[in-house]
Amino acid sequence: MKFPEKPSLLTQSGEKIEIAGNREATVDGCGGVLEYTQEVISIRYGKGIARFAGRGLALHSLAAHSLVISGYITDIAYASRSEMLPELPKPEQKEEQK
Amino acid sequence: MSVMHWLTGWVRFQVVTPRGGERFLNYCTRTGLILWQVRPGKKGITACVRANQYHLLRVPARRAKVRLHILRRGGLPLKLNHLRNRPGLAAGFCLFWAVLIGLGQCFWTVEVGGCQTVPETALRASLAAQGVAPGKLKKGFCAKEIQLKIMEQFPQISWISINNHGGDIDVHLTEKDTAPPVADQTGWYQLRASQRGRIVEVHVTAGTAVVHSGDGVVKGQLLASAVVENKDEKFMRLYHAAGTVTAETKHTLQVTVPLDFAQWEVCGDSVERSFLQIFGMQIPLSIKLPPQGQLRRSGEVTAVRLCGKELPVSLMREKLTPVRSAIHHRSRQQAEQQAKQLMAAREKSELAKAQITQRHDTVKVSSAGVTITRQFVCRENIAEEVKISQ
Chain A
1 MKFPEKPSLL
11 TQSGEKIEIA
21 GNREATVDGC
31 GGVLEYTQEV
41 ISIRYGKGIA
51 RFAGRGLALH
61 SLAAHSLVIS
71 GYITDIAYAS
81 RSEMLPELPK
91 PEQKEEQK
Chain B
1 MSVMHWLTGW
11 VRFQVVTPRG
21 GERFLNYCTR
31 TGLILWQVRP
41 GKKGITACVR
51 ANQYHLLRVP
61 ARRAKVRLHI
71 LRRGGLPLKL
81 NHLRNRPGLA
91 AGFCLFWAVL
101 IGLGQCFWTV
111 EVGGCQTVPE
121 TALRASLAAQ
131 GVAPGKLKKG
141 FCAKEIQLKI
151 MEQFPQISWI
161 SINNHGGDID
171 VHLTEKDTAP
181 PVADQTGWYQ
191 LRASQRGRIV
201 EVHVTAGTAV
211 VHSGDGVVKG
221 QLLASAVVEN
231 KDEKFMRLYH
241 AAGTVTAETK
251 HTLQVTVPLD
261 FAQWEVCGDS
271 VERSFLQIFG
281 MQIPLSIKLP
291 PQGQLRRSGE
301 VTAVRLCGKE
311 LPVSLMREKL
321 TPVRSAIHHR
331 SRQQAEQQAK
341 QLMAAREKSE
351 LAKAQITQRH
361 DTVKVSSAGV
371 TITRQFVCRE
381 NIAEEVKISQ
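If you read the sequences in order, they're chains A and B. Counting in the numbering used here, the first sequence runs from 1 upward without gaps. Counting in the numbering used here, the second sequence runs from 1 upward without gaps.
Take every hint as true, because none was put in to throw you off.
Partner residues are not named here, just some residues of chain B that face chain A (Cβ under 7 Å, in silico):
| hint | residue |
| --- | --- |
| 1 | Glu22 |
| 2 | Leu25 |
| 3 | Asn26 |
| 4 | Thr29 |
| 5 | Gly32 |
| 6 | Ile34 |
| 7 | Val38 |
| 8 | Arg39 |
| 9 | Pro40 |
The set of hints was computed from the structure by calculation and includes no laboratory data. Ideal Cβ positions, reconstructed from N, Cα and C, are used throughout, including at glycine.
For reference, chain A alone in the conformation it holds in the complex (with noise of 0.2 Å):
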């Protein structure tokens, strides 16, 4: 009997990030946790950072290279090395855009 074999990428890399909805995210491969309030979450992910921006966003599990982030997200960015991660809109901002 032959198993399926795994998607290459997931063989490769140890990072990972699974979304359920905007309510939660499980990061695998985490390096750190930079800046941690109920609004922005940002962490060392791979050779760049991860920003998780919402509302009573809030770390469920912490382990050693995973976390699990439950609250209501409304924005994911990413930035590798050498780059800088896009502003986050102001409130302000958001209710101009609406």
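Given chain A, put chain B in place with the hints provided.
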């Protein structure tokens, strides 16, 4: 909080720092500690960690220059720690299970149903000898084996069932019905006299009558023969002789009642005692000692029931009355009256099938007592079927 967290115990703490606690979280994860329910707050980040890993947070906290403040603790280890200071509670818990398991190993109640002629007390005693009684261990209980032994001891039982419902034993039995008499159709019978007398009427329905009205017969004399002779065809044939032969018979019954008789009489104050029976063990509820001498014992057992179910607890009340044997003297009239009562009872039982036509009493008084001799003249069927062949 999951079951595993509750089993391992948990501590909710607050990271007290003017800056964010992100560095502390990173140090924790690098140490290999697992945090959950990490929530940011105005006063600082709060998180949960296993109770036995809380002391490992000191190193990351020192390196991150934060202070930790315990908010809440919970889980099984914490409950066990509480119990360490309360040995009575732990002992009670252990005792509860020990009693529960211990009492589950023995019978609680034995209920017997269906007894009509079989005495229930004798049946219970027999069951107790087989190991089925309140308080006896259930180990080695075999219902089929006990059923067979009980049926051997009580032949009048036709069917018995012993069911075990946990600690309760239900015993149901059915007693044998006496089989109706079946006429023996095999072989030949003749009629013989069961006692002496003078023949009054002869009604022979099968066979040949050899006596007539007015004949006197003795016990065992042939009344009707099984042989029937056919004179026309000149042959004989055997039958099952049947019929009734009414004769005038005489009977004599004698009853003697002594003038002096012994009787038990109360010779002191009776003592009432109460016992509590639990699993067959008697626990006295009173400290009264039984009176000296010979005692007459009477009492009652009240079983405690809950929702119609008998419990292995019963209350026994016992009354002990001291008695002694005393000789009493009765008058001639009293003795004669009692003798007549006894004679009437004997007449009713011994001459039940006879039609009494005459009675004649003879009363004799002696030092032994009053003797009544009653002579009866009766009319009764004296024909008795006697088998003469197979």
